Every structure is written in C-alpha cells, then in structure tokens.
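Now that you have both chains on their own, put them together as the hints suggest.
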Amino acid sequence: MRTSLREDYLEAILIHTGRYSHPPSAQDLSEALHIDKDEVSAHLRELADGGDLRLRDDGRIMLTDQGTATGKQIIKKHETLQSFLSEILGMDRSSASDEACRIEHAVSDETIDRLGDYLRSPVIQPPAGEPAHSCLRGHQGQSSCGYAQSLVDYEEGQRLIVRDILGRGCSKRLLDLGVVPGQLVVIKRKLRNGSIVVQVKDCDVALSPENASAICVERIP
Amino acid sequence: MKIALIGNPGAGKSLIFNQLTGLGVEVNKYPGSAIELEYGNVCYKNEKIELVDLPGIYSLDGDSEEEVLVRRFLEKDGADSLIVVLDATKLERNLYLLTQIAEYSLPMVVVVNMIDIAESQGLFIDTARLATIFGTEVLPTAAILGKNIDRILPLALSSSQSPVLGVPYDHHIEAALRSLEKTMGTPRRKNLLALQGTGDDAALRDSAGSIATEIEQRHQMSVGQIIATNRHNFARSVAAEVVKQSPEKKRFDLDSILTRAFPGIPILFLILFSLLLSVFVIGSWMESWIVGGFTEFILPPFAALGLHPLAERIGYSVLVAMEAGLGIAFPFVFTFYLGLSFLEDTGYMTRAAFLADRSMHRLGLHGEAIIPMVIGFGCAVPAVMSLRILKTRREQTIAAFLITLVPCSARTVVVAGIVAAFVGIIWAFSIYLIIFILIIITAIVMSRLTPGEQFGMIVEMPSLRKPRIQLVIRKSWLRIKEFLFIAMPLLIVTSVFLGLFQYFGVIDIFQSLAAPITVSLLGLPEYASTALLFGIFRKELAFETLAVLSGTADLGSVMTGVQLYTFAIVSILFIPCISTVAVLYKQLGAKIAILTSAYSLFLGMLIGVLINILMK
Numbered sequence: 000m001r002t003s004l005r006e007d008y009l010e011a012i013l014i015h016t017g018r019y020s021h022p023p024s025a026q027d028l029s030e031a032l033h034i035d036k037d038e039v040s041a042h043l044r045e046l047a048d049g050g051d052l053r054l055r056d057d058g059r060i061m062l063t064d065q066g067t068a069t070g071k072q073i074i075k076k077h078e079t080l081q082s083f084l085s086e087i088l089g090m091d092r093s094s095a096s097d098e099a100c101r102i103e104h105a106v107s108d109e110t111i112d113r114l115g116d117y118l119r120s121p122v123i124q125p126p127a128g129e130p131a132h133s134c135l136r137g138h139q140g141q142s143s144c145g146y147a148q149s150l151v152d153y154e155e156g157q158r159l160i161v162r163d164i165l166g167r168g169c170s171k172r173l174l175d176l177g178v179v180p181g182q183l184v185v186i187k188r189k190l191r192n193g194s195i196v197v198q199v200k201d202c203d204v205a206l207s208p209e210n211a212s213a214i215c216v217e218r219i220p
Numbered sequence: 000m001k002i003a004l005i006g007n008p009g010a011g012k013s014l015i016f017n018q019l020t021g022l023g024v025e026v027n028k029y030p031g032s033a034i035e036l037e038y039g040n041v042c043y044k045n046e047k048i049e050l051v052d053l054p055g056i057y058s059l060d061g062d063s064e065e066e067v068l069v070r071r072f073l074e075k076d077g078a079d080s081l082i083v084v085l086d087a088t089k090l091e092r093n094l095y096l097l098t099q100i101a102e103y104s105l106p107m108v109v110v111v112n113m114i115d116i117a118e119s120q121g122l123f124i125d126t127a128r129l130a131t132i133f134g135t136e137v138l139p140t141a142a143i144l145g146k147n148i149d150r151i152l153p154l155a156l157s158s159s160q161s162p163v164l165g166v167p168y169d170h171h172i173e174a175a176l177r178s179l180e181k182t183m184g185t186p187r188r189k190n191l192l193a194l195q196g197t198g199d200d201a202a203l204r205d206s207a208g209s210i211a212t213e214i215e216q217r218h219q220m221s222v223g224q225i226i227a228t229n230r231h232n233f234a235r236s237v238a239a240e241v242v243k244q245s246p247e248k249k250r251f252d253l254d255s256i257l258t259r260a261f262p263g264i265p266i267l268f269l270i271l272f273s274l275l276l277s278v279f280v281i282g283s284w285m286e287s288w289i290v291g292g293f294t295e296f297i298l299p300p301f302a303a304l305g306l307h308p309l310a311e312r313i314g315y316s317v318l319v320a321m322e323a324g325l326g327i328a329f330p331f332v333f334t335f336y337l338g339l340s341f342l343e344d345t346g347y348m349t350r351a352a353f354l355a356d357r358s359m360h361r362l363g364l365h366g367e368a369i370i371p372m373v374i375g376f377g378c379a380v381p382a383v384m385s386l387r388i389l390k391t392r393r394e395q396t397i398a399a400f401l402i403t404l405v406p407c408s409a410r411t412v413v414v415a416g417i418v419a420a421f422v423g424i425i426w427a428f429s430i431y432l433i434i435f436i437l438i439i440i441t442a443i444v445m446s447r448l449t450p451g452e453q454f455g456m457i458v459e460m461p462s463l464r465k466p467r468i469q470l471v472i473r474k475s476w477l478r479i480k481e482f483l484f485i486a487m488p489l490l491i492v493t494s495v496f497l498g499l500f501q502y503f504g505v506i507d508i509f510q511s512l513a514a515p516i517t518v519s520l521l522g523l524p525e526y527a528s529t530a531l532l533f534g535i536f537r538k539e540l541a542f543e544t545l546a547v548l549s550g551t552a553d554l555g556s557v558m559t560g561v562q563l564y565t566f567a568i569v570s571i572l573f574i575p576c577i578s579t580v581a582v583l584y585k586q587l588g589a590k591i592a593i594l595t596s597a598y599s600l601f602l603g604m605l606i607g608v609l610i611n612i613l614m615k
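If you're matching them up, the sequences are chains A and B in order.
All the letters of the first sequence, read from the start, carry residue numbers 0 to 220 under numbering that gives the first Met the number 0.
All the letters of the second sequence, read from the start, carry residue numbers 0 to 615 under numbering that gives the first Met the number 0.
Isolated chain B, as found in the complex (with noise of 0.2 Å):
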C-alpha cells in the first residue's frame, strides 16, 4: 500500500506528514533527481503503509525539477491514494492545483487543512459541498491543532475514490485535444501537455505544437495561458460555491512593518547579524568543548598506543580530520541552520528577498540570491547546494563565484584567531570590509561576463507563521547530515594525504618549492606555505597548523602585524576549501569549480602581495 501527500507549499503538508508517521522516515533521492523525498511507514490495522511527502508545487505542468519529479512520480510509480492537501486560508488558488491532479485519475482524499486559521479570519468552507463537486471525501483539519489528523489514514484507506471532475477548457483546446486523441492516441492528460510544449513524447509535441501555433494566433494568447485561465476561472467558481467569507476583523499585518524599505531594512540588517553573531558565539563555545574533548580525552591514548609510525601517523590524520569535521559540523553549520531553518518556517526569508532584490539587480542576480548569500555566511558547502533555488546557469554562475568569497564561519574563526587576537579589532573589521568590496566588483564583472538573459524574482510570500520547533529540528538534522556525508569522507582522504606527505617528506619539498612566492612575494615565513595548504583543506586549519608549525600559540611574538595580516587574508580568499570545491564541481560541473578556485587563487595572492608592496 502507498499513499502520497501532496500539495501547494506552505499547505502544512510536511506537518500532516510528520504527525502521521512519526519517527522513523527515510530520506531518499528520487531516482533520476537531486530532490530529497521523505518516505515514511505506517502500521495501521496489521498493514504495513509506505507514506510519501512528494515537494511542494503549485502546478503539475511546469518545468521545475519538483513539478517534473511529482508528475513522473504520478505517471510512473502512481499510488494507491493520494492525499491531497489544501490551505483553507488560499484554497481558490490551492483548488488550481487539485483540478490539475484530478486529471491524473488517481484515487484520492481531499484535506482541507489550516481550518481553524480559515476560521479566524471569517472563512467558511463548505466541505461538504466540495466533496460533491469532486466526487471525493473532504476531510477539514487543523494539523496545527492535531484535529482530524487521526481520520486521514481510516478515510484514505476506506474510501478514497478518483475524483470526476474535469476543467472545461476553451472550446479551441478541447478541439485539439479530441483530435490529438483521434490522431495520436494519447491520453487527453498527455495531450494538455503536449499544447503547452512539454511532456516527454517528441512526436506528440510536434504534430500538438503545430495546432497550438494556430490557436494562439486565434486567440492573441499562449495555450498555456489559455489553459491556466480556463483553470483558474473553474477554481474560481468552485471556491466562490463553497467559500462563505464574513467580513473579516482588521488585524494587525506584520507586513506593514516587514516589507517597507523602513524599517524593514534595518530590522532585515539586525535579523542577519544577530543570526551570524550568535552563531559565532554558541559556535565557538561549543568548538571549544569538542576540540578539548578530542585532544585531552582521544588523541593521548591514541599516542599511548605506541603503533608503528606510519600508522600512527595515518589514525592520527584520520583522528584530526573528524576533529575538525565536528568541530566545524555541530558548533558552527549546525547552529545555522537551526537559525535559517527557524527564519525559513516564519516564511521570513521570502520577505528579506523581496527587500534584497534591487540591490540585488545590481549584482547580476534577484532577490532568492540573498538565500544562498546568508547561508555563505554559515558555510559554502550547503550554500552551494542551495544554488538550486536560482533557475538560471547565469545566476547561478555569478552567485557560485560570490559564494566562494563571503566570509564563511571558517574564515571568522581565522579573522578572530589571528587578526583580532594580534592585530586589532578594527583590523579584523577591514578584512571583511576588503572582501565585501571584492564580492562587489566581482558581481559586477561577473554580471557583464556571463552569458544569459537576466530573469526577475516571482516568489509567493507565505503568511507568517510561527515556527514548529520539531520541523525546525530535523530540517536542520536532514541538512547536517547532507552536509556531514560530503564533506566527512573528503576531510578525511585529504587528511591522510597530507599526513602521509608530512611523514615521507613532501610537505619540506613543497615548503622550500613555494618559498620564493612565500617569502618574496608575500613576505611571510616561509612554513606559512605550509598553513595555506592546510586551510585549502578545512579554512581555520591555516590558523591552527600556523600555530603548530611557529611552534608558539602567541603568533604576535614570531610574525609582525603586517605578516598575520597578510597571512589572514590570503588564507581566507586563497581557494575554497576542498568540500566547496566538491560540492561546486558536483552541483555545476568541473568547469565552474576549477574557475572559481583559480579565481580565489588569483585574488588572494593579488591582495597579499599588495598589501605587502603597500605596508611594507
């Protein structure tokens, strides 16, 4: 037995779901896509249940990987049941969705979910009536409240029926799709498809483009908004059957204060940094304790061990790569998300974009980019990742150069550690405003450079809403764990590799090779070679191996101010560390990864020698 929920996003689907499958939900990659899907099971009345939560769409028509993964989870796998589920407070436009679906014939339910808030804002919905226009049980909810949840798998599995329903669509498109059917034999679902220039069937898409054309001329309008206004049009008379609104109390909008230029600027400003600057505090609190933990209580035993040197050598490596895998993991990206995933739930972020987008614009990307960028801040692996959310390869392009600069939590520990520690707090402060620079010229030229039409910003702003701490939770604990799984094994390879060079030798070779551009160029010790190439591999490991390899913590008593300085700055631009580039090279091919690392590269080292030609 399988049942899938499914549903506009926002609808309290992922609520419902977690509520009915409790602990115990796998998450998978759908085959053939980079989207995660939730698979849970269920036991009820001894049969065992598999639930999906399918992504959160608003159409089954588009092209964007979760409208194309839902409908080739509806033709290919299908399901027992769907559960469909509708926002109360937006049904007319989450009714757009339902008369889409119901063309997939599938048996279903219908649930009318968030109806306390409906009520409270003085709507009615009439399910009864709904469930006769549809021809399918209509079950009102509040997940929120947990009423009605217990009823949705009894009803699903007792009495879930395919719905009757059918849009009626202009007459020029039911004519086509009458003659499609006549001619290619294919089913009318396919047919609508097809007219609007979709669907996987090459053939069909041809002999259907060639009548689309015609109607369009016909109509001075595409098929493709002929048909959402023909769906529209019918959503809209079913809500207006079943919706009975009073007049609605004057409440007070958060908005009013959240989406002006002022003061919903400064408050966005203030939302950021008390994110980013509790993050650094829990951060380093909690860093503390795991690197105290691993070398007071696991690395002296694994050295009373008396193993052979060179395996010493590699279980030591191994050791010290989840040290900092952990200690960079939990205290610093895990602490992130917890905050983002919060702001995301109170559907904040969408608001922060709509006031980032002009500034934005002038970067070359829209307002979604300011995601990835606040996420940069935390760290560039799951940045990266996000990257997904821009729709085009040029955004995406400008936004993964961008990424690979903001001062991830890495790089502040290295800012903190040497030049606040050293230097001066002021100092600490120039760097960041050197690199905000750089990440503004950078977008600029990028913006010029990369090739591509320039697209806006179209994002639904989602009532805000209080967060569930629970969703908010393992939300962040399915993204450490996707964050854990790339860059762990990587931290790991690369630091057996470096503990095998160190042990045979190479890293001296290397050191006295890189000497010149060390010492003359950047005038830094020499063994600071060496600390750069450690922070490719975790950032604030520059740093650490600089205080090992200086052989004191108090790094102002061997290098002037000007040296840490220097040596701060190319190690944080410099490249991006080893996960970045994987995940860069994973998410947007080789060429994007290998560019933007020689690009770091180059800037780094462009910087550090001017400023030692400058301050010298």
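This is chain A alone, in the form it adopts within the complex (with noise of 0.2 Å):
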C-alpha cells in the first residue's frame, strides 16, 4: 500500500472518532476518503496486518499506538501547513486544505517543525469546518480541542499555559477562577478516569474529565 494512502486513513480515523466521540466503521471512511467499501475492507486488513489498527468485533476500527502515532503525527502536519497556506499566505481555508492534504505526505519532519516555529502563533487554530472557538455565543456545546492537547492529555506536575476554552469548559466559574488563556496552571493531581485538581493562581481546582479535556493548553518547555 502507498504510504501517501495508509497516512490518509490514519488521519481520517483520528479525525472521525475526535469529531463523534466514537470509532468509525468501514462504511464511515469510505464516505470520507471517498473509496469504493470493498476496497476500503481490503485496505483495512492490510493496515491491521501491518500493525496500525485493530478492527473490533462490532465492525468499528481502533487505532493500535502505532497507528495513533503516526495518525497524530499526520495530523500535525496537515495542520501546520494549512494555517501556513491560509494565514500567512493568504489562500481561502478550503483549497489551503485540499493543498495541505497533499503536501503532507511528503513533507519532513524538520519541516513542519520550522514552519511550526514560524507560525507559532498565540492562538492554536481548531481543525477545518468547525467553529474556531466554540466560547462564542451560539457555540456552546461543542468541545475538543481540535488538533491541540487538552489537560487530560499530560501528566501530574506537568506546568502547562492555557491556550483555548472550548464549550462545556466556558463556564464562568472556570473564568472566574482564573482559568483565561495565557494562565499558568500545574497539575496537581491526575486520577485514572481523567478526573484532574489543578493549581491556579494558589488555587486547587477539581474538574471533571469532561471540563478538563476542554481546556487546551500549551506545554512550558
């Protein structure tokens, strides 16, 4: 299989179980990748054979780490040169997608990250189609941090900055508490089911997963 093929497939797995909170079927990704269904099925034993995804007894794919790996790593990319192509050369946001989809497979590591460092800006951009920042009236609801790690994605005593507070996590007592982009915050306490305490301000703030996964933050190098 083609490398430039295998990547697409991871990106769009990733992308459809961030979106719907659930792992895709086959018939799901043949509708995204626009793939006729009995090819995908075929692919999709070859990339289980080859270690990246798992299908499940119920007919929905999960990805193994490798694959998450390389699927994120896709993703990364995708996401660095379309706001490249977008914001600062100026392409509408639709074909600087087309355009990334296609540069991202033979793009290099090195790459990105110089492009990353170009770009870094203060504001992590959320993924194509979906509301930049869902704090907005009439967004709330909606809640991922896109391409960007929330809280739930580090450890305890991890130093973090907030970047972005998406839907659930616009409450006004986070705002209140100091949770505001550009906040410090250190994790306190991390339990196993993603509940977090974090440190703000002096402060110890207990959240649920579900609050603290719409938190999007930055890692202080």
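No wet-lab data here; the hints were simulated from the structure.
Note that the structure is a prediction, hence the values are computed from the model and not measured.
Ideal placement from N, C-alpha and C gives every residue a C-beta, glycine not left out.
Please note: incorrect hints may appear among the correct ones.
[To be verified] Computed spacing ranges between beta-carbons, pair by pair:
id, chain 1, residue 1, chain 2, residue 2, range
1, B, K585, A, I160, 55 to 61 Å
2, B, L613, A, H33, 32 to 38 Å
3, B, E35, A, D91, 57 to 63 Å
4, B, S119, A, R158, 20 to 26 Å
5, B, E240, A, I160, 19 to 25 Å
6, A, S3, B, E64, 54 to 60 Å
In structure tokens form, the structure reads like this:
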C-alpha cells in the first residue's frame, strides 16, 4: 500500500473518532475518503496486518498506539501546512486544506517543526469547518481541542499554559477561578479516570474529565 | 449605619463576622432569594451598627444565586461601608473579586486575612503598597488568632473610602463601554454586565449584544473571557507588586494521601462509614432518653388530666408529634449535622466530591452530588434542601429521586428495630443491598430519561484546615432550626389528623379497604396497612405503630420472618415521609414531589409483592 494512502486512512480515523467520539466503521471511512467500500475493507485488513489498527467485533476500527502516533503526526503536519497556506500566504481555507492534504505526505518532520516555529501563533487553530472558539455565543456544547492538546493529555506535575477554552469549559466559574488564556496552571492530581486537580493562582481546582478536556493547553518548554 | 462583609468563599468572612458580632445574630432570607443572610447588631461608641455577612462569591458578574444576591444587595440596598475580606494566601485570585467590587464605588476598607498562614508559607504582603494602589485603607488580620480584628470596625467607621483603581480593559471593550454610555446613558458597571449578557435591563442587553458579537468575531473569544482575562491580568500585576515570596519550605501535604485513588477512596469510605455509625450509635442512645422522658414524665400526667376523649385524642396527637420530631431531630439529624458541618469546615467534602466524580457520572450526576447523597443518610429533608448546589434541573431531578430512596436515619431505625432484631443481622444488610441496587438502577434509568445536558464539576478545593468548634455548632444549629421549621408543623398537623381519623373510626375503614393489598398481595396482617400509613408521617413510626397494633413489642411472636422482612422493606421504600414530600414540593415543584412519591410507592409495592411471592 502506498504510504500516502496509509496516512490518509490513519488521519481520517483519528478525525472521525475525535469528532463523533466513537471510532468509525468501514462505511464511514468509505464516505470520508471517497473510496469504494470493498476496497476499504481490503485496505483495512492490510493496515491491520501492518499493526496500525484493529477491527473491533462491532465493525468499528480502533487505532493501535503505532497507528495513533503516525496519525497524529500527519494531522500536525496538515494543520501546520494549512495554517501557513491560509494565514501567511492568504489562500482560502478550503483550498489550503486540499493543498495541505497533498503536501503532508511528502514533507519532512524538520520542515514542519520549522514552519511551526515560524507560525507560533498565540492561538491554536481548530480543524477546518469547525467553529473557531466555541466560547462564542451560539456555539455552546462543542468540545474538542481539535488538533491541540487538552489538560487530560498531560500527567501530574506538568506546568502548562492555558491557550483556549472550548464548549462546556466555557463556564463563568472557570473564568472566575482564573482559568483564562495565558494563565499558568499546574496539574496537581490526575486520577486514572481523567478527573483532574489543577493549581491556578495558588488555588486548587477540581475538574470533571469533560471540563478538563475542553481546556486546551500548551506545555512550558 | 450598615456595614457588609464581602469576599471569596473560605476567606474567613464568617469567622470575622462571628468575632465582630458575638451573640445576637439573626438569620433571615434575603427578599426574593432562597439564600439566608446573617445579620448582627453591634454597638460602637453609642452608635448602632448593622452588620451583614454576604455569601462567599468568586465574582460579581455571574448568574449563580449567591452572585445575583450580592449584586442586588450592592445595587439596591447599598451599604455605608464594605469590609472586603481577602485571603492572603490566595491574594491574586481574591484581588480579582476586589477589582469588580471597586467598580461599585462604595466606601470600603480592605482586610487581608490569614496573614499568619501566608507568612508561614513564606508569603509577605506589602499592605501599605496595596493601600496606595487601591486608595483605601488595608488592614492585615489573622482572624484565627484574633489579631487586629478589634481594629476593623473603628477603621471602617472612620476611614472608609471609595477605591480609585479601574481595570484597563481591552480597547474594543473600552470603546463599547463608552459608546453604550453615550447612547443608552447607563453607567459603566451596568454596561460591563450587559456586554456579558447579564443584568436586568433588556434594552441595554440588546444593544450591548450586537456590539459584543462584533467584538467576539474580531477577538475569537467571548466578551466574558476577554473581560475576565483583563481583570486577572490586572490582579496579577497588582499581586506581583505587593506579594514577596521567600522560597517555600517543603511541607507535608495531606492531599498527597487524600486525593489519590489509593488510599483516598478507602479513606473516604472509612470517614463516611464512621460518620453514619457514630450518628446511629449516639442517636439511638439520645433517642431512648427523649422517648423515655416523654413516656415517663409527660404522657402519664397528661392522661391523668382526664380530659374529654376528643380533646385528649388531639392533645395526645400533638404530644406524640413533638416526641417524634424531637426524637428524630436532635438525636439523629443534629448529631449528623455536627459531623457533616465538621467535615465541611475541614474542606474534606470537596476532596470527597473529586474522588466520587467518576462514579457519580455513571449515575448521571457529578462529584458535587455526593454531598446531598451523604446528607440523605442523615435525613432526606436537608438533603433535598442542599440540592441547590447542583446547577442544572436535570441533576436536581435525578438526585431528588435517589435521595428519596437513600436509607435515612429513621429508616435505619426500622431496619434495626424490625429486621436486625427479629430476623437476623445478615437480613438487615440484605435490605441495604437491595436498596443500593435499586438506587443504581433508578439512576441509570433516570439519567437516560431526564432531559437536559450534563455538565461537569468545577470546584475549588480550599486548603484543609482545623474547623472551629463554635462555628461548627452554630452552623449545625442554624440547619436544625431550618429542619424543625419545616418538619415540626407538618408533624403536628398530620398527627392530629391521624388522631382524629382514629377517633372517628376512619382508620378501621381504611384498614379494611386496604386489606386485599396488605393481606393477599403482601401477605401481611390486616393492621399492617395502618402501620404503613403512619410510616408516611415519620418512617420509624411504622415500626412503633406495628408494635402497638400487634399488642406486643416482641414482633417475632406475632409475625413470621418473611412478614417482618416484607413489612420493613415496604415501609422503607413506600412513599417518602411527609416532611420530605413537602420540601420536595417547595424546592422542585409539585410534579417532582408527586413523581418521586408515586415512584417509591410503586417500588415498595413491587419489591414487597416479589418477596412475598418468592419467599412464601
């Protein structure tokens, strides 16, 4: 199988899982990638043999650690390229996205890192087609940091900077307790189930997993 | 002269209020709100000063009941002076509220409390610098040690000043504020609220709304977020100027044990179990004294009066109601409140909420719901009252159904008195098991059926501290007063009615009408229906009435084990007691009160019939 096709699959599975919060079926992938369903099944078997994913009994597709890592890498490339094309070069977002889809398979890791450094925008851009910041009026309820990392992705003791707060995280209480963009937070406790205690301005704040996952953060180097 | 205390939760406001006022505190509901405020009068230099303790809040812009109340208080009632209490150990976060209070331009003094704890943590606060920045008097205090508390009132009376600072907001926000001020003629503070979509002026909200949308598109951030960020940044810059931090000594942090899954969760169970066990042991002991006192010293003299039978019947009912109320309120509910208030004041309950969060999610709730549930083990009435801490209607509804099933202390008396005593201790535990299974099934079904979205928990975990016994007692006392206020009148009225029914023979008619259900479906003796009826009035009365009607305290000699077991479980589930129904009605409306009653009646009957069929 071509590398670019493999990467397209992994990317599509990750995006679907993130967006609908359940893994896709072969049918979903066939629609997302515009590939015939029988062909998709064949491809999926090949990917499963390669150790990228596994087919669940209910027909849904779960990525393995290896598959997830590759998929995330591709998504990062896509996002960086798209930002560069649209924000710096001024292309419109959808053609920037199409273009990024083609370049992402060939571009090296180093180029992406350097592009990322170049962009270093204060606000992490969400995936195309989704409301930028769901704290805005009329966009309540959405909650996914898109391609960025949220509080739940880090471990105890990690010092982080809040970049954005989405959907359900947009509670007034959270803002009042000091969880605002630019604020330094430290993860004091993380239970296995995703409940988190963060230290904000010398105060400990306990959060449910769904609130913590709506707080997009960036690691302090 | 009216002076109000205002500040973050846990900043030590209550303790300062307590020290300033001493005795003679009045508790009143603030007009149009369910929240109670404490009022106290102090005499200083021949002047009468009314002191108000406002509820602890994090912000003045929010929609929570407390925030709305404080906002209304500042706008409508005003105060001749505000005492703003800040927590020195969390100064930056506390300054955030101060920046908002400052916008009301009321005369104030600032109290930086817990200065002793801050110093032990290596934090030194330059209060003189803070005073210059804000243009008000700033007094460092340590309420726990009583340090400088005596200086608060004289300072508030002599040198209260309106603060001079203003938060520099984002220039788009500033422009919007100016244009609103010009077009609508409203003050800056109201415009700030309106931009965030709150406030009571609909026209202002409308015109602010369209400006807000524009700003949000430009910033890709909500106006609330921008304003909060501006305030926090301002608070941070002030804190940076006044707080000097020396390297912190590494201290042992109790949270390293308490908030970990292990050993945190076993500790949680241990704490809750010992709370319930001690309430049960102490409660039973006290109850026997109260009931003994009534039967020995009050009822016989009353019987000896030789009144007209009807009058005697009514008088007797009133006395029995009082016996019932006092017998449950002080031994069980009050003891429970003492333990609970103690736990709350240590700050442990937020740790419990954190640990329970995941399991509570499975029940369609979140961590904070553990508090009403735990209270429910003491008594359902205060548990329903505490449902206020759950923010959504959906959570309140689910939790209300669960609370009516949680075995409260009165039901524990039934299980202990009937099942543990006459059937066996294992069987008593099996009843708890059945109830817990029912609670879990109910929760799972309810979380599917109840409309509404589920929100998670965002709770500050205050530092753990040693509770002040006098505050614990006072808090428990206020709560028990509220309980008696709701429960007592109802107990007396219901008791009189039941007494009259008995007098006029209505009870016998009911008994024979209910006989098909009691005897054939549940396999119980006919008089059990009357005992069940009395159980609605007060749960453990079911057990006592049963003993009276069967003519012996040795229930094992008149009923079989299966019958006693069935009776216990039916009377426990059955309709919640009348006080609970009343408080459900008051808190959540008639629909929920009826639904929960009907549901528990249905469950009680269902389980009773099942046991009767299976075990016969």
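Against the structure, the hints come out as follows:
1. For K585/B paired with I160/A, a C-beta distance near 47 Å fails the hint of 55 to 61 Å.
2. For the pair L613/B and H33/A, the supplied restraint of 32 to 38 Å is violated, since their beta-carbon distance comes to about 60 Å.
3. A hinted range of 57 to 63 Å holds for the C-beta pair E35/B and D91/A, which are about 58 Å apart.
4. The hinted range of 20 to 26 Å is satisfied by S119/B and R158/A, whose Cβ atoms lie roughly 24 Å apart.
5. At about 22 Å, the beta-carbon gap between E240/B and I160/A stays in the expected band of 19 to 25 Å.
6. Distance hint check: the CB atoms of S3/A and E64/B are about 57 Å apart, consistent with the given range 54 to 60 Å.
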